[in-house]
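Colleague: Model the placement of chain B on the given structure of chain A, informed by the hints.
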Amino acid sequence: MNKFLSYGFAASMVAGIAVIGATTISHARAVPAFLGQPQVPTDYSCFTNSNGTVTNNCGTTKQFCISLPVDDSSHTLSINVIAPNISHNVSCFGQAGFRDNSIAGLTGLLSPSAFGGSQTLFLPTLSVPSQGNLYACCNLSPTSSVESINY
Amino acid sequence: MTTKRVWWITATLLGLLGVNEYRSQRSETEAMRIEIESLRERQDRLAVQVARPAVVVRTQAGAPDARPAAPPSLVEPSVAPASLAASDDRATDRTARDKRWEDTARANQTSVEEAFAAESANDAWAPSTRVALQNRLSSLARLSSSSLRDIDCRSSICRVEIAHQNADASRQFAQQAFTDPQDPAWNGPVFIPPSQPDANGGLVVVMYLGRAGTQLIKPE
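As they're listed, the protein sequences go chains A and B.
So the number in my numbering is just where the residue sits in the first sequence, counting from 1, plus 969.
At position 19 of the second sequence (counting the first as 1) the number is 8 in my numbering, and the numbers step up by one without a gap.
Keep in mind that the hints were calculated from the coordinates and are not lab data.
The structure presented is a predicted model; accordingly, all values stated were derived computationally and were not measured.
Any given hint might turn out to be false.
[As the list claims (entries may be wrong)] Subject to a maximum C-alpha distance of 25 Å in a straight line, what follows is the list of computed SDA-like cross-link-like pairs (lysine to any residue):
no.: 1; chain 1: B; residue 1: Lys88; chain 2: A; residue 2: Asn1070
no.: 2; chain 1: B; residue 1: Lys207; chain 2: A; residue 2: Ala997
no.: 3; chain 1: B; residue 1: Lys207; chain 2: B; residue 2: Arg143
no.: 4; chain 1: B; residue 1: Lys88; chain 2: A; residue 2: Thr1045
So here's chain A without its partners, still in its complex pose (with noise of 0.2 Å):
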């Protein structure tokens, strides 16, 4: 009985910590493509949304890119896209800025390897400046898609 009284104890004192932690670092937020828009605007009819997901239906690559609310500085981006094939490819990368918009950090270009299905793209960290912003923004081949953003 004893036993069973310490594991338990031990047990909410783990589960008790693990909340703590969670409730003072974890800040992840995730967001729907549909959330972004046509880095040209008139490139807003290329683009469909199905339940979040952007499609683009145009026959050449477009970027589209999401502006991703931030109130803290480190930010680590995986973007899930979808690509059909290798001649149909993805490149995403996340773009950080000063509050003037000019640029603080990029995260470089990355694509999937793997075509068909839901892919996760794992970009480096960035910093975001004080009062600054962040961007995730993706060029897509035609039939490619992206779905949502984890941040």
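Modeller: Showing chain B alone in chain A's frame:
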């Protein structure tokens, strides 16, 4: 109906009217008393707000910029004390959050600068990367009338220093160099600390370019 009865009825009605008027005046007096009390409380709160010390705001460059607290509005919106306290709590939370954000951003910058300083040159990577960067960035710099001052590559990070005539030129250069979807000048992580003014009225921008597949900023 006798005259006496009519007089009694009239007197009773007048009496009722008088009582009603008295009650009405009394409730008005009570309402005015409550309003005066409320105004006194508001006056006390405003006096406390005026007596608060100046708020110190830290600018991007890091220099503290002392500003007096904004004077309270003379016409205070009618809010209950509980919501005033909640508003104060929110302001405190925002200040703490902004400070944490600024501190983390500064720590990230220090971490990148220290990581670069700690690296030694990798002969298999640094010289060729430096030449490639020199070629790409110098031609882009000419387009925005900027001048490439220095490129120093180590084992996984290059430090680039460039002088721009103004913020627009700096913005144009960074966009052309790093966000071209077809052929960016660099395809790894890039970190750009706040620019510094130079002696000629322009800006000096330092950029840290990380090798593709590496992290410049440590994940939290």
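Colleague: Against each hint, give a clear statement of whether it holds in the structure.
Modeller: Evaluated hints:
1. B:Lys88 x A:Asn1070: With Cα atoms ~20 Å apart, B:Lys88 and A:Asn1070 stay inside 25 Å; holds.
2. B:Lys207 x A:Ala997: 16 Å, holds
3. B:Lys207 x B:Arg143: 19 Å, holds
4. B:Lys88 x A:Thr1045: 20 Å, holds
Consistency with the previously given hints is maintained throughout, with no hint failing.
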